[in-house]
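**Student:** Sequence:
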Amino acid sequence: MNQDILTDIIAHKRKEIAIQEAAVSASFLENHIGGTTVTHSMKQSLTASSTGIIAEFKRRSPSKGWINCEADASIVPHSYELAGAAALSILTDELFFGGSLKDIRNARPTVNIPVLRKDFIISRYQLLQAKVAQADAVLLIAAALSKDECMSLAKEAHALQLEVLLEIHTEQETDYINEYVDMIGVNNRNLGTFHTDTENSFRLAEKLPKDKVLVSESGISNPETVIKLREASFRGFLIGENFMKTENPGKALNEFINQLQSAL
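The opening position of the sequence shown corresponds to residue 48 in our numbering, with each subsequent residue numbered one higher.
Worth flagging that the hints you see were computed from the coordinates, not collected in a lab.
Note that CB positions come from ideal geometry on N, CA and C, so glycine has one too.
Wrong hints could be hidden among the right ones.
[To be verified] Label pairs and their calculated CB-CB ranges:
(1) K149 <-> A58: 18 to 26 Å
(2) L311 <-> D195: 40 to 48 Å
(3) F75 <-> N269: 41 to 49 Å
(4) P256 <-> E117: 25 to 33 Å
(5) P156 <-> D258: 32 to 40 Å
(6) I80 <-> E218: 30 to 38 Å
Make a model of the complete structure from these sequences and hints.
**Tutor:** Encoded structure:
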């Protein structure tokens with residue numbers, strides 16, 4: 048997505064959050080967190096996994112339009128787990144990606160692997176929503192935040208026992224990495240052109256701290272790429288469109304993992 052689209056998304060997100068918070072207060076959400084704690088560590092799951100696939104549930108995108116408008120969050124994530132996914136990424140943005148928090152709520156009872164809330168998170172309120180929906184981790188996008196906002200949200204996420212995946216696109220954004228970041232995601236999609244190039248992950252790998260779990264995001268469509276990225280210290284591989292565009296995303300993931308394990 049280009050920077051203009053990102054600006055549009057964030058502007059819309061601010062309005063959306065204001066409407067949601069007017070309907071359901073932050074204190075109401077806080078009271079409904081109850082005793083929920085992180086029971087599934089995404090960081091640990093990726094580190095322990097031989098494949099590290101983060102299978103994404105995504106119905107549409109701003110660049111491709113509808114990918115799989117009929118996809119059912121109570122079915123696809125479960126099929127991903129059965130196929131061998133190490134973790135799940137669930138898009139909860141409605142306007143641009145066709146998702147909602149309901150997708151996490153529908154998926155959660157069907158799976159026992161970590162769930163990442165993938166959205167444009169700019170407010171503590173969204174962290175509370177993620178926790179109540181029983182996500183295990185949240186995505187923070189450097190391009191959508193200031194460094195201070197990133198630090199504050201990452202710290203708050205940890206206070207809520209949510210792990211943090213920080214998404215960066217450029218070497219300059221490595222300045223956003225802080226002590227509360229559990230995983231660093233390198234997005235291979237150019238923000239200006241929509242073009243995806245996995246070389247971005249290889250370029251940035253050497254610049255990233257060795258004590259963080261590294262995740263490569265977007266543009267991964269063959270097992271050979273995963274093998275090369277693993278050699279470059281990546282442990283997580285976020286793949287969505289490649290599976291979601293098929294009739295049976297779980298089956299597509301299963302075939303991908305079988306190919307990957309044969310090649311390892």
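**Student:** Run every hint past the structure and note whether it holds.
**Tutor:** Hints and how they fare:
The beta-carbon spacing between K149 and A58, approximately 24 Å, falls within the hinted interval of 18 to 26 Å. Take L311 and D195: their Cβ atoms lie about 42 Å apart, and the range 40 to 48 Å holds. Separated by about 46 Å at the C-beta atoms, F75 and N269 satisfy the suggested range of 41 to 49 Å. Restraint check, P256 to E117: a C-beta distance of roughly 41 Å breaks the suggested window 25 to 33 Å.
Checking the proposed 32 to 40 Å range against P156 and D258 shows it holds: the Cβ atoms sit about 34 Å from each other. Taken as a hint, the range 30 to 38 Å holds for the pair I80 and E218, whose Cβ atoms sit roughly 37 Å apart.
Hint violations for this structure: number 4 only, all remaining hints satisfied.
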